[in-house]
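Visitor: Listed below are the residues making up each chain.
Protein chains: 6
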Amino acid sequence: MPIFKPIEEIEATEKVKEIYEEIKRARQIIEVPNFWKKLANHPETLERTWTSLKQVMKKGALDPVIKELIYVAVSVTNSCEYCIKSHSLAAKKKGATDEMLKEMIAVVGMANETNRLVEGYQVEVDEIYK
Amino acid sequence: MPIFKPIEEIEATEKVKEIYEEIKRARQIIEVPNFWKKLANHPETLERTWTSLKQVMKKGALDPVIKELIYVAVSVTNSCEYCIKSHSLAAKKKGATDEMLKEMIAVVGMANETNRLVEGYQVEVDEIYK
Amino acid sequence: MPIFKPIEEIEATEKVKEIYEEIKRARQIIEVPNFWKKLANHPETLERTWTSLKQVMKKGALDPVIKELIYVAVSVTNSCEYCIKSHSLAAKKKGATDEMLKEMIAVVGMANETNRLVEGYQVEVDEIYK
Amino acid sequence: MPIFKPIEEIEATEKVKEIYEEIKRARQIIEVPNFWKKLANHPETLERTWTSLKQVMKKGALDPVIKELIYVAVSVTNSCEYCIKSHSLAAKKKGATDEMLKEMIAVVGMANETNRLVEGYQVEVDEIYK
Amino acid sequence: MPIFKPIEEIEATEKVKEIYEEIKRARQIIEVPNFWKKLANHPETLERTWTSLKQVMKKGALDPVIKELIYVAVSVTNSCEYCIKSHSLAAKKKGATDEMLKEMIAVVGMANETNRLVEGYQVEVDEIYK
Amino acid sequence: MPIFKPIEEIEATEKVKEIYEEIKRARQIIEVPNFWKKLANHPETLERTWTSLKQVMKKGALDPVIKELIYVAVSVTNSCEYCIKSHSLAAKKKGATDEMLKEMIAVVGMANETNRLVEGYQVEVDEIYK
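Protein chains in written order, with this note's numbering: chain D, 1 to 130; chain R, 1 to 130; chain L, 1 to 130; chain U, 1 to 130; chain Z, 1 to 130; chain X, 1 to 130.
None of these hints come from the bench; they were simulated from the model.
Hints may be right or wrong, so weigh each one.
[To be verified] Below, simulated EDC-like cross-link-like pairs (lysine to aspartate or glutamate); rule was C-alpha separation at most 16 Å, straight line: (1) D/K54 / U/E81; (2) D/K5 / R/E124; (3) D/K15 / D/E44; (4) D/K130 / R/E81; (5) X/K5 / Z/E44; (6) R/K5 / D/D126; (7) D/K5 / L/D98; (8) R/K5 / X/E99; (9) D/K17 / D/E47; (10) R/K59 / D/E99; (11) Z/K15 / Z/E47; (12) R/K54 / Z/E44; (13) D/K17 / D/E44; (14) D/K5 / D/E22; (15) U/K5 / U/E18; (16) R/K54 / Z/E47; (17) D/K5 / L/E99; (18) L/K24 / U/D126; (19) R/K58 / D/E99.
[Said to hold, decoys possible] Quick list of simulated restraints, FRET-style, between CB atoms: (20) Z/E99 / X/A26: 22 to 32 Å; (21) L/I30 / X/K5: 31 to 41 Å; (22) X/E99 / U/I29: 35 to 45 Å; (23) X/E127 / D/K54: 40 to 50 Å; (24) Z/I30 / L/E31: 34 to 44 Å; (25) R/D98 / L/G95: 20 to 30 Å; (26) D/K94 / L/G95: 37 to 47 Å; (27) D/Q55 / X/K15: 28 to 38 Å; (28) X/Q28 / Z/K58: 49 to 59 Å; (29) R/G95 / L/I29: 57 to 67 Å; (30) L/K130 / U/E99: 46 to 56 Å.
If you're wondering where the values come from, they're calculated on a predicted model, not measured in any experiment.
Here a beta-carbon is modelled for each residue, glycine too, at the ideal position from N, C-alpha and C.
Given the sequences, and given the hints that come with them, work out the whole structure.
Guide: So this is what it looks like as structure tokens:
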């Protein structure tokens, strides 16, 4: 038995129900994803996370599609299956082509490699970077 | 005494010297960064890494500046000081504004957070993502 | 075919059998969990791990329930499904309420976020912390 | 030259200045730590992070001292020097004894070890944990 | 629906087909593993990765079996199920005994533990190591 | 002020002093490294770690030099400066050549890269690996 069960829309209390509706409206989807249904076990966390994501992922100096690609890049680095799958889909919905995704994955692979080459060789930071 | 010392330009063997010159020309810099000087201890690794980076970081469906931002995002996730500093500078040289960097950092923070919320609540992948 | 199969209780050699019985008695369970059955492929590792865990997780300045919450926090950070599930259950058995688990998860999320904000902004350690 | 410089109190704009004062008051300190001075480069991130931390770290089912110990545990797992140092000090200010810190570190070590033993032996989740 | 589907041998374009044949010949297998079928979505990445692996994993000062054990060690540390399973099998094919695998796993566990003890206690690098 | 100070040899209590002497004898060194001096703050952890390392790192199906290379590989993956430096030196003392270290670093880089390519492309485990 899982420790936390998803809070289905039909069980949702007022504040949670309100956020569920906002998520569906903002994302143009008909069902609340499991991530939010699980967070709803702790309404405070559900609200803080939704509010933060809206702020962080909105269009700014970076377009939302670029922000989603960065999100997938981090999730790939951390091996988070749920986030890789959901944010890859979100990236595509926001305009990412498969080619953009593949190029991002190649960059993520190289970065994870050179991050470790730096450690293995204990590379000291050059003066111009300090 | 460090296990590996940087191979200074004056010590560089032919193949290494050739790559050093190419790096300086491509990056429009006058000194070879420590990362390459350390990799030069293993010429095979120096060559493979330089060749791979040229291929992976070139302009494609994604612009080089976006690729650098993704590179920093991964390096931040992995706490690689050398890579964070050097690729942040590279991103700026390729056109990233401070605002773009700050927005990328905010996304990296949120992604690292939600990646773990997914784990804590053991969120199952929705059918639409499979 | 898996490289290592679980060593079932019926196959267990003397030293392994002894540890299996101790685990079941200490945890008040009727079946040895898969973790221990897999470690039993290397009796030396089984013994060292069980002995270490008994020492590290016993009541001290911190109560066992707090130690389990810390264990889950690390396992969430490392995305270890087995450890998250088993230690969340252990935490509950030792007195953790769902509210305590949810608050711990929220802390883990924030910590993983601010750990990376520190890296992104390359924050220097204040004198008072050194 | 660092990409981002700390925003000193004397340079702080209104919203930032307000948050700086709140941080100093809440923590009973006379100088704003570098973490916040760096985040102040992006006032939106400074505000969101401060607000989130106040909510997540307040006394609830878990006492603030326990939350700080969990924060250090995650920071140790992620090798974040700034966070380890600052939150270890915060934990002590909130009542953690050195013994509590040492026991927490021992748990973090063991958890990071067994998280990998699970992976090495590809341990399957027991039915009772699902 | 997955974002990227495996490119089956029957769909493979010329360059990809060529690499598929080389992989099967080099590994003495009759079917191309899923890893390569997925990478084939980006022929450039398929080629670069195959070429790099051939260079990095060949017999040198270290035997291929030792290189595979190191590969598994890293994959265990990063919780990469696919890599743990595939490279554990590769290690066995290249001569690793179960005992060697078990001893490697024990080392990986200890290293992940002491890496964090170092962080928890903020151990300074001794002069003789600098 | 650091939370934990190294316990110098002159301050060492009986059990700690005993372990210090054993470490120096076993490693043929004249000064106890900082790692052990910091662990000595918690004699139980000092003893458990020293005992575990002796068991795990001894000659078995794998030679000590190979075990040290694996230790460095994990430490590089986790960016643990202290462990990278100290275990690289230990590897050399046990017979590792610079060439062996460089080849290990190259493997670590590739493994960290392909671990993420697997995640980015969400590669499913082949039947023959299950």
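Visitor: I want to verify a distance hint. Is the separation of the beta carbons of L/I30 and X/K5 within 31 to 41 Å?
Guide: violated, 47 Å
Visitor: Has the hinted range 28 to 38 Å been met by the Cβ atoms of D/Q55 and X/K15?
Guide: Check failed, 54 Å falls outside 28 to 38 Å.
Visitor: Given the hint that D/K17 pairs with D/E44, test it: the Cα-Cα distance must not exceed 16 Å.
Guide: Answer holds: D/K17 to D/E44 is near 13 Å, not above 16 Å.
Visitor: Taking the beta carbons of Z/I30 and L/E31, is their distance inside 34 to 44 Å?
Guide: holds, 40 Å
Visitor: Is it true that the C-beta distance of R/D98 to L/G95 lies inside 20 to 30 Å, as the hint says?
Guide: violated, 49 Å
Visitor: Does the alpha-carbon distance linking R/K5 and D/D126 stay inside the 16 Å limit?
Guide: holds, 14 Å
Visitor: For a C-alpha distance cap of 16 Å, please report whether R/K54 and Z/E47 respect it.
Guide: Since the Cα atoms of R/K54 and Z/E47 sit roughly 14 Å apart, the hinted pair holds (cutoff 16 Å).
Visitor: Is the Cα-Cα distance between D/K5 and D/E22 16 Å or less?
Guide: violated, 21 Å
Visitor: Take a quick look at whether X/K5 and Z/E44 sit within 16 Å of each other, Cα to Cα.
Guide: Answer violated: X/K5 to Z/E44 is near 52 Å, above 16 Å.
Visitor: Does the alpha-carbon distance linking R/K54 and Z/E44 stay inside the 16 Å limit?
Guide: holds, 12 Å
Visitor: Regarding the pair U/K5 and U/E18, is the alpha-carbon distance no greater than 16 Å?
Guide: violated, 19 Å
Visitor: Given the proposed pairing of D/K54 with U/E81, does the C-alpha separation stay at or below 16 Å?
Guide: violated, 30 Å
The earlier numbered hints that this structure contradicts are 1, 5, 14, 15, 21, 22, 25, 27, 28 and 30.
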